[in-house]
Amino acid sequence: MYCIALDTSAGTTVAVLKDDVLLVELNFAENMTHAERIGQALQDVLTKSGLRATQIDRVVVGLGPGPFTGLRVGLAAAQFFALGAHAELVGVCSLDAIALSFYQQNPDAGSLLVSTDARRKEVFWASYHGVSNGMPVRVLGPNVNKAEDIKNYLDLDAHQTTDLLVTALALGQIAFSESKTELGVNLDVSPIYLREPDATPGKGKRVSS
Amino acid sequence: MTESQVLLSLEIADAEAMDDLGLVLANNFQAGDLVLLIGPLGAGKTTLARGIGKGLEVEGNVSSPTFVIARTHQRKGAPLVHVDAYRLASAFELDDLDIPFASSIVLVEWGKGLTEDIADSWLEVQIDRDNTGQTELRKVTVTGFGERWAKVKF
Amino acid sequence: MQIREATEKDLPTIMAIELECFANDAWSEDVMFSELMAKHTFYAVVLEQEQIVGYGGLSKLPGSNQADIQTIATKPAARGQGFGRALMNALTSKAKELGATEIFLEVRADNTVAQKLYKVFGFKKIGVRKSYYQPDNVDAFVMKTQMNYSEPIVLGIESSCDETGIGIVQGNKLLANVISSSMEQHAIFGGVVPEVAARAHLEALTPVLDEALNKANISLDDIDAIAVTNGPGLAGALMVGISAAKALSVATGKPIYAVNHLVGHVAADVLANGEVVTPTIALLVSGGHTSLLLVRDLLTDVQLLGETIDDAAGEAFDKVARVLGLAYPGGPQIDRVAKDGNPTAIRFPRGLSLPKDMQEHRYDFSFSGLKTAVARYVEVLEDKGEPVPLADIAASFREAVVDVLLSKAIAACKEYKIPRLLLGGGVTANARLREAAALRCEFEEIELRIPPFDLCTDNGAMIAVLGAQLIMSGAEPSNLSFGANSTLQVTKVQS
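Residue numbers (the numbering used here), protein chains in the order written: chain A, 1 to 209; chain B, 1 to 154; chain C, 1 to 495.
No lab work stands behind these hints, which were simulated from the structure alone.
Just to be clear, a hint being listed does not mean it is correct.
List of simulated lysine-lysine pairs, BS3-like, C-alpha gap at most 25 Å [claimed, not checked]: (1) C:Lys254 - C:Lys124; (2) C:Lys116 - A:Lys48; (3) B:Lys76 - C:Lys492; (4) C:Lys417 - C:Lys384; (5) C:Lys119 - C:Lys492; (6) C:Lys254 - C:Lys125; (7) C:Lys144 - C:Lys173; (8) C:Lys356 - C:Lys384; (9) C:Lys119 - A:Lys48; (10) C:Lys39 - A:Lys48; (11) C:Lys339 - C:Lys417; (12) B:Lys76 - B:Lys139; (13) C:Lys119 - C:Lys39; (14) B:Lys54 - C:Lys124; (15) B:Lys153 - B:Lys76; (16) B:Lys54 - C:Lys130; (17) B:Lys112 - B:Lys139; (18) A:Lys121 - B:Lys112; (19) C:Lys94 - C:Lys124; (20) C:Lys94 - A:Lys48; (21) B:Lys76 - B:Lys112; (22) C:Lys75 - C:Lys116.
Small disclaimer: the values here were computed from a predicted structure and weren't measured.
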């Protein structure tokens, strides 16, 4: 089965996979130009893979968490790509993809804490303990907290950390693995925002002082 | 408490003078600058913003962004992001806008009190009206907060 | 210069030119004769002072959407005078008439003059036939052009503010217009919250698309092109529509057109009236925009005469409604309260209408002073403990807005001698604006057009029809790299 995976929770990463094998991947690090990049990136991975969009059976999208504006670019694109290509749309937590990449490189590692910048001096995070059937086992999260508060949830010393970034390949591999389990793939593609829009009803303001 | 000093204090007689003040201020702005325009309804914040926009030679008309909350104006160099915090109640809402502060010049109307948690330096331009209601004179006080403005002279 | 269909009698003259132009590649007289007489071909000759100076031929089989330019030639002595172009015009028009959507041709690799002509008509090189031309041993370039569709099915996506709109048109005909608004979600905040709007757009995309396809009774495979608003508007909101549109374009292989939201509002009239009669003055009034446009040509000549220098009219309604203790959105609330009020009770300022403003701000608007005046009026009464006549204030405020909007619009019609005024944008829902516009335009003998509300408010159909107009005019699709531009200028119709 052919799949296109994409994630815009940090930079822009797009890949074409055959089952869990990478055919093409494109990665862009800047995190401010997702909307400009995403169209050409999708076109380019298709062209490079030699596939037509109608051959794509599944679209896998990173659900975040991540900065909202960029995150939505990937989600909107994934939705409409799947509709246009008549493909299945599947969601994967972006932090899980980072965990998978870590465990692929460190197969014997124990506990892992994945955290990404959430601004406001906070981080998005999730913790994992090893792999099962090749897939990371998530223990806690995803949550958003001040970095110094995470120690209230777990023993920091017992957890490794990583600088690895989310890759579309890892997303695609998780979806493929999930499809082989009883539960199947995650068809709920709601974004993982973890924060409400922090808007508060305003008060009126006087003209004269 | 961030260190501050008053950099400029003057009286503005009319909209034209406010516009000119905008040009003067704009000359000193660069990427990463955060400028708060503070004053009551009708004080002239948007007029000043227009003057600043003109000084920075931005694309597009600078008008009240109350409805859209933030509007980005392209120009040669760092874009001008014109924010109206009229309807924002906290710094976090400002943050939610995902504004690239470091690479832009950000102007925030109604921004008083919203920036301490998210910036180390900023400029406050306070516009006061004549309380007696007898003249249209404005008193403008420009105060620099933080290192960026420590040695600036207008 | 004259062009007409070729006849048998033209054969000798045509052959003379054929031999002169093509030497080694020339067709024999028999071949030329069969071509001229064949049922599925169309041959034309161009004449100067009744002498044939060039000819060209087109082949199109019935039932096919493809046509081929068989040959085209101008006497060497007559070149450079536009005869080739005239022949190309005739052939491509005929191809369109016959229902072709693609035209192919072959040209010698070394004939750069001809290639240049073909490029003007939108031909692009798609392949090479090696050593095609013998005995000269020259390659042939195969070139192709996509014809102007006569009635493209276009899907338009609009997400510039707080309404997710997807519309479908077939040429100038409306097939579906579905809008999902997040206005209620913004009500407690007193206005549009960009983050709330953007989240709502993402959620609404698929349901709105499904409904639009249902209503139009088509599937995504049926669309010919996609149009999307890329500005002006809220950046985060725009990005949702843009990303969806781009992805759809790549997935379906259909071209994408990034278009201007404000020009979309003008294009809405095409759906309401079949066309935008130009030139026209257009007054667009909404929560986020108050703009006065001079439209000489919808696609190529839109000029901004003026716009608000501070609050948009819709914004002013919202702010004043709040001052008066009314809910959001302010327009309908103020209308409700103003019903029993006297519009001339209080003379509130009409912004930028003084003689001194006529120079720099003739067609600009300013509602900030008006809003301040109303707020001050209310505060003074409240401070004195006197009753606040809500109805009169609402009516007088509304009158001031409507007055300045129409005065400037009509002044523009007069100055530019254009007896047509088009209204657009959500504030056209305001009954007093419509009523006053009708009265004043009738008095000034200006033709007033206000599309139905669903086409006036932000919507996807207006975007779709603007896209359709671009396609039908032969515009190239947009590149996939455009971004959201929150301050896109009205002079830039397509990005």
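Results for each hint:
| no. | hint | result |
| --- | --- | --- |
| 1 | C:Lys254 - C:Lys124 | holds (17 Å) |
| 2 | C:Lys116 - A:Lys48 | violated (31 Å) |
| 3 | B:Lys76 - C:Lys492 | holds (19 Å) |
| 4 | C:Lys417 - C:Lys384 | violated (50 Å) |
| 5 | C:Lys119 - C:Lys492 | holds (24 Å) |
| 6 | C:Lys254 - C:Lys125 | holds (19 Å) |
| 7 | C:Lys144 - C:Lys173 | violated (29 Å) |
| 8 | C:Lys356 - C:Lys384 | violated (35 Å) |
| 9 | C:Lys119 - A:Lys48 | violated (28 Å) |
| 10 | C:Lys39 - A:Lys48 | violated (44 Å) |
| 11 | C:Lys339 - C:Lys417 | violated (35 Å) |
| 12 | B:Lys76 - B:Lys139 | violated (32 Å) |
| 13 | C:Lys119 - C:Lys39 | violated (28 Å) |
| 14 | B:Lys54 - C:Lys124 | violated (43 Å) |
| 15 | B:Lys153 - B:Lys76 | holds (24 Å) |
| 16 | B:Lys54 - C:Lys130 | violated (59 Å) |
| 17 | B:Lys112 - B:Lys139 | holds (17 Å) |
| 18 | A:Lys121 - B:Lys112 | holds (21 Å) |
| 19 | C:Lys94 - C:Lys124 | holds (20 Å) |
| 20 | C:Lys94 - A:Lys48 | violated (39 Å) |
| 21 | B:Lys76 - B:Lys112 | violated (29 Å) |
| 22 | C:Lys75 - C:Lys116 | holds (18 Å) |
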